[in-house]
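A.B. asks: We have chain H; now place chain D onto it with these hints.
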Amino acid sequence: MIVTPLPGGRAASAPLMGHEAEPTLFEMSVANRSAYQLRSTGVPATALEELLPAAHLNPEIVPVAEVSERDLVAHFTRLSHRQFSVDLGMYPLGSCTMKYNPKFCDAIASDPGLNAVHPGAPASLSQGWLEILVTLEEKLCAITGMSAATLQPSAGAAGELTGLLLMRAYHEANGETRRRVLIPDSAHGTNAASVTLGGYEVTTVPSNERGLVDLVALKAALGPDVAGIMLTNPNTVGLFEEEITEIARAVHDAGGLLYYDGANLNAILGAVRPGDMGFDIVHMNLHKTFATPHGGGGPGAGPVAVAAHLVDFLPGPRATRVGDGFFNWVAPTRSIGRVHGWHGNALVLARALAYIDVHGGDGLTRVAQHAVLNANWLRHRLREILPAAYDRVCMHECTLTATPLKIKYGVRALDVAKALLEEGFHSPTVYFPLIVDEALMFEPTETESVQTLESLAQAIERIAQRAKDDPESLHHAPQSTPVSRVDEARAARKLIATADAVR
Amino acid sequence: MLAFLGMDSLDDLFAHIPQAVRLANGLDVAEGLSEPDVAAIFSGYTSANKANATSMTCFAGGGAYDHEVPAVVKMLSNRSEFVTAYTPYQPEVAQGVLQALFEYQTLVSRLSGLAIPNASLYDAATALVEALNMAHGATGRQKMVISSGVHPHWRQVARTFARGTGHEIVEVPLRDGVTDWKSVDATNTAAVVAAYPNYLGVLEDLSEAKALAEANEALFVVGADPVAAGVLKTAGQWGADVFVGEGQAFGTPLSFGGPYLGLFACTAAQVRRLPGRIVGETVDSSDRRAFVTTLRAREQDIRREKATSNVCTNQTLMAVTAAIQLGWLGTYGLREVATRCAQGAHYLYEGLLGLEGVDAHSTQPFFREFAIRLSKPADQVIAAMAESNILAGLSVGALSDGGDPSIEGNIENVLLVTVTERRTRDEIDHYVNVLREALTR
Numbered sequence: 025m026i027v028t029p030l031p032g033g034r035a036a037s038a039p040l041m042g043h044e045a046e047p048t049l050f051e052m053s054v055a056n057r058s059a060y061q062l063r064s065t066g067v068p069a070t071a072l073e074e075l076l077p078a079a080h081l082n083p084e085i086v087p088v089a090e091v092s093e094r095d096l097v098a099h100f101t102r103l104s105h106r107q108f109s110v111d112l113g114m115y116p117l118g119s120c121t122m123k124y125n126p127k128f129c130d131a132i133a134s135d136p137g138l139n140a141v142h143p144g145a146p147a148s149l150s151q152g153w154l155e156i157l158v159t160l161e162e163k164l165c166a167i168t169g170m171s172a173a174t175l176q177p178s179a180g181a182a183g184e185l186t187g188l189l190l191m192r193a194y195h196e197a198n199g200e201t202r203r204r205v206l207i208p209d210s211a212h213g214t215n216a217a218s219v220t221l222g223g224y225e226v227t228t229v230p231s232n233e234r235g236l237v238d239l240v241a242l243k244a245a246l247g248p249d250v251a252g253i254m255l256t257n258p259n260t261v262g263l264f265e266e267e268i269t270e271i272a273r274a275v276h277d278a279g280g281l282l283y284y285d286g287a288n289l290n291a292i293l294g295a296v297r298p299g300d301m302g303f304d305i306v307h308m309n310l311h312k313t314f315a316t317p318h319g320g321g322g323p324g325a326g327p328v329a330v331a332a333h334l335v336d337f338l339p340g341p342r343a344t345r346v347g348d349g350f351f352n353w354v355a356p357t358r359s360i361g362r363v364h365g366w367h368g369n370a371l372v373l374a375r376a377l378a379y380i381d382v383h384g385g386d387g388l389t390r391v392a393q394h395a396v397l398n399a400n401w402l403r404h405r406l407r408e409i410l411p412a413a414y415d416r417v418c419m420h421e422c423t424l425t426a427t428p429l430k431i432k433y434g435v436r437a438l439d440v441a442k443a444l445l446e447e448g449f450h451s452p453t454v455y456f457p458l459i460v461d462e463a464l465m466f467e468p469t470e471t472e473s474v475q476t477l478e479s480l481a482q483a484i485e486r487i488a489q490r491a492k493d494d495p496e497s498l499h500h501a502p503q504s505t506p507v508s509r510v511d512e513a514r515a516a517r518k519l520i521a522t523a524d525a526v527r
Numbered sequence: 140m141l142a143f144l145g146m147d148s149l150d151d152l153f154a155h156i157p158q159a160v161r162l163a164n165g166l167d168v169a170e171g172l173s174e175p176d177v178a179a180i181f182s183g184y185t186s187a188n189k190a191n192a193t194s195m196t197c198f199a200g201g202g203a204y205d206h207e208v209p210a211v212v213k214m215l216s217n218r219s220e221f222v223t224a225y226t227p228y229q230p231e232v233a234q235g236v237l238q239a240l241f242e243y244q245t246l247v248s249r250l251s252g253l254a255i256p257n258a259s260l261y262d263a264a265t266a267l268v269e270a271l272n273m274a275h276g277a278t279g280r281q282k283m284v285i286s287s288g289v290h291p292h293w294r295q296v297a298r299t300f301a302r303g304t305g306h307e308i309v310e311v312p313l314r315d316g317v318t319d320w321k322s323v324d325a326t327n328t329a330a331v332v333a334a335y336p337n338y339l340g341v342l343e344d345l346s347e348a349k350a351l352a353e354a355n356e357a358l359f360v361v362g363a364d365p366v367a368a369g370v371l372k373t374a375g376q377w378g379a380d381v382f383v384g385e386g387q388a389f390g391t392p393l394s395f396g397g398p399y400l401g402l403f404a405c406t407a408a409q410v411r412r413l414p415g416r417i418v419g420e421t422v423d424s425s426d427r428r429a430f431v432t433t434l435r436a437r438e439q440d441i442r443r444e445k446a447t448s449n450v451c452t453n454q455t456l457m458a459v460t461a462a463i464q465l466g467w468l469g470t471y472g473l474r475e476v477a478t479r480c481a482q483g484a485h486y487l488y489e490g491l492l493g494l495e496g497v498d499a500h501s502t503q504p505f506f507r508e509f510a511i512r513l514s515k516p517a518d519q520v521i522a523a524m525a526e527s528n529i530l531a532g533l534s535v536g537a538l539s540d541g542g543d544p545s546i547e548g549n550i551e552n553v554l555l556v557t558v559t560e561r562r563t564r565d566e567i568d569h570y571v572n573v574l575r576e577a578l579t580r
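Quick note, the sequences are listed as chains H and D, same order. As numbered in our numbering, the first sequence has no gaps in its residue numbers, which increase by one up to the final residue, 527. As numbered in our numbering, the second sequence has no gaps in its residue numbers, which increase by one up to the final residue, 580.
No lab work stands behind these hints, which were simulated from the structure alone. Predicted model only: the values in this text are computed from it and were never measured. Wrong hints could be hidden among the right ones.
A few chain H residues facing chain D, derived, Cβ under 10 angstroms [to be verified]: (1) Tyr-115; (2) Ala-216; (3) Thr-344.
Here are some chain H residues the structure puts well away from chain D; computed CB gaps all over 12 angstroms [stated by the list, open to error]: (4) Ser-37; (5) Gly-66; (6) Pro-87; (7) Lys-127; (8) Leu-157; (9) Ala-244; (10) Gly-321; (11) His-404.
Covered stretches of chain D (chain H as the covering partner; in silico rule of three or more C-beta atoms under 8 angstroms from a C-beta of chain H) [what the hints assert, rightly or not]: (12) 171-183; (13) 488-502.
For glycine and all other residues, C-beta sits at the position ideal for the given N, C-alpha and C.
Chain H with its partners taken away, still in its complex shape:
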């Protein structure tokens, strides 16, 4: 198949005016400059000393910054020009699902009818919000095949920990103390960290030569002290766990529960549901699958859906339909309690509902189909340069390896990733999962065109040619970016975390 790359996809045309460092807000400060303007209130300007005891007043003024609005705008606009983003170009970061986020969802979230509502307002005055939460919960349950959900967790990791606390509450209610949770060796580190915080010990299950959970090893690891297993399916290598039914049966037979890490839910929308695979607890990363922009590292939202036998333990209070078109807050009977200061990352939840409504069941199914198609196309297109770690049909992402380049030219996965930045693409995820040597994990997502994928493939071909002709130059890539490779060791050796740190 010959594809001609069209203009677009690459961010290499983004204007950079130079390579000078941008001063900090504090370096830009000039005494007595300011930008703020407040409402004229007419409230008596009583001296603070008359209102508050001296023991509480700060004798010093905490310095913030002193800049004009014009300088503030210039500063943050320049910073924004030193930042790669999905809107700028392709962001094929494996396991992160950096798809294009429809602007419509942002517009929905910026309506004052949603974003100016106080979270402590009585239910009678925030019925619209409660209906949004209830409707989203119902749709997420339909998509995952579960009975009910909490929308409180703020992110995937918070969802994981919530799920583990639900697992614990379930076993405790059955009078059981179980102390171990199984996780595959390909799992993301967050799973392990969450297990510890859930009060459990990690038992690692090895993967087999096909990149899947080793069923024999799994069965050997099971026992009466196993609370459950955390699985990502498709797994972190981008492969579907084909023996999921056998895995589910074995874990359930041992009295354990199955936890579904929704990091890769984008791959299976409309094709297979976690509930139908036998999972008892499912977290979703709404910011990945349901297109909330990632905000440079957050916010996200990590709702947790559960099967019928766990509904009573869900965090609360939950927005609930109480009849006659009225919604209210109801705490589940055996709730583990709150996991968020209020009701969860509500504006992210509203965006997700808008995204689901626009796509519908049919559109969500196409999302998964095209995400899987794009990943397989890229895997096949790159097979000569970066072979797949497991050479067969993958799901929404493909784990490739730079081992051949390392052997032939001493060029590593990191070098390829950095050179891609020069080519105007964001890097794939590198050195993850840990079980693959020189891993480069590409997740093109459904929102990139085949022309953009071809453009990426041609960039990688140019990098492979450079690896042959001038491998040394790749160790120094990137050069065209706002800064070149940074001295990470120096940052860790002498921590400078604020402008006030002693240098």
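C.D. replies: Coordinates of chain D only, in the frame set by chain H:
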């Protein structure tokens, strides 16, 4: 594209998934609608949200505040480069977010009076949980002594996560609105946690709590209102080892409670136990200043089950927004906001205490919110005042999900009232009149 893969249909891509688990008839989710059609559905939701701060005058607070957010902050924080970026794993193309986070960290450090901030956590409640985990790591102990002046939701979240960590949460009651530290046995304690101001608005003298922490070699954790730092002592000045706070006040709208911004800072002694990400300054290979996420060896993706926290996604966009908002406010704007909050709250308080059926809940000094005891249930009064488009405050009974042993008498009649710099004298005078009516009706 399928032909390139030697396939005939999209279904071939899913053929390796066992038929037994395949969804036979597609998702049971309605068909997709156009954006204008979905917008129409959402306008139904928004019109059912009567309590929005553009149509009702907001006197509700309790950790969520109606502050001024100017056009310039909205526009800058909505720039798509900030909004649609991922976590800054490739620093060469993420200097924008990294430097903004460095500036945010500097501001958190100054407002908390502590040297080591992180790059944000989910919200104040979960930041408190991370502080408790840090205290456990520092002391090896499980007992957490927490003032009942800490927001009821934060305490509930702490109790929830203690189910996994095994922490023993000991709540210290309030007496006349102030924590009764003398009533608690703080031996073998990991953390002593105080709130400043406490959730009923009261400014407690934190010296006693600090002394209690010190005497028992526990970490002193202060949950403080960061706006208060514009005029009041910082957590660091009260001797805190750890500061946690809610950063929503800095540029994030009320948002029905999220996404908000968990502020976190600690002393240099605790840096290796810091939860979440931290940005550090360094240089690039051409010796130019550059920023990068650092001390990564603490984090979950590297340290796995031995990590200091499981946090990965945080609230970066809210942190960047806070840096922009604080840049807009500046040193004297923040002071002005804090001062006006205090002036407005005290002006309203004076007006309310003259009313029949209103009593002060305590005689203690307060900053920007206060509790009053009404002659009627607070939820009835809130409903009545809503008819005059006033969100009168928060019912303390509802806030504490039914009961807080620290509240003497009938908790249902206690109302928490908040004033921000956006409330005018006319609005406050109107509030007094409407409450008078609501109580006599």
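A.B. asks: Now tell me if each hint is right for this structure.
C.D. replies: Hint check results:
{"no.": "1", "hint": "Tyr-115", "result": "6 angstroms, holds"}
{"no.": "2", "hint": "Ala-216", "result": "4 angstroms, holds"}
{"no.": "3", "hint": "Thr-344", "result": "15 angstroms, violated"}
{"no.": "4", "hint": "Ser-37", "result": "14 angstroms, holds"}
{"no.": "5", "hint": "Gly-66", "result": "4 angstroms, violated"}
{"no.": "6", "hint": "Pro-87", "result": "5 angstroms, violated"}
{"no.": "7", "hint": "Lys-127", "result": "9 angstroms, violated"}
{"no.": "8", "hint": "Leu-157", "result": "9 angstroms, violated"}
{"no.": "9", "hint": "Ala-244", "result": "20 angstroms, holds"}
{"no.": "10", "hint": "Gly-321", "result": "3 angstroms, violated"}
{"no.": "11", "hint": "His-404", "result": "6 angstroms, violated"}
{"no.": "12", "hint": "171-183", "result": "holds (count 10)"}
{"no.": "13", "hint": "488-502", "result": "violated (count 0)"}
Checked against the numbered hints listed earlier, the structure breaks hints 3, 5, 6, 7, 8, 10, 11 and 13; every other hint is satisfied.
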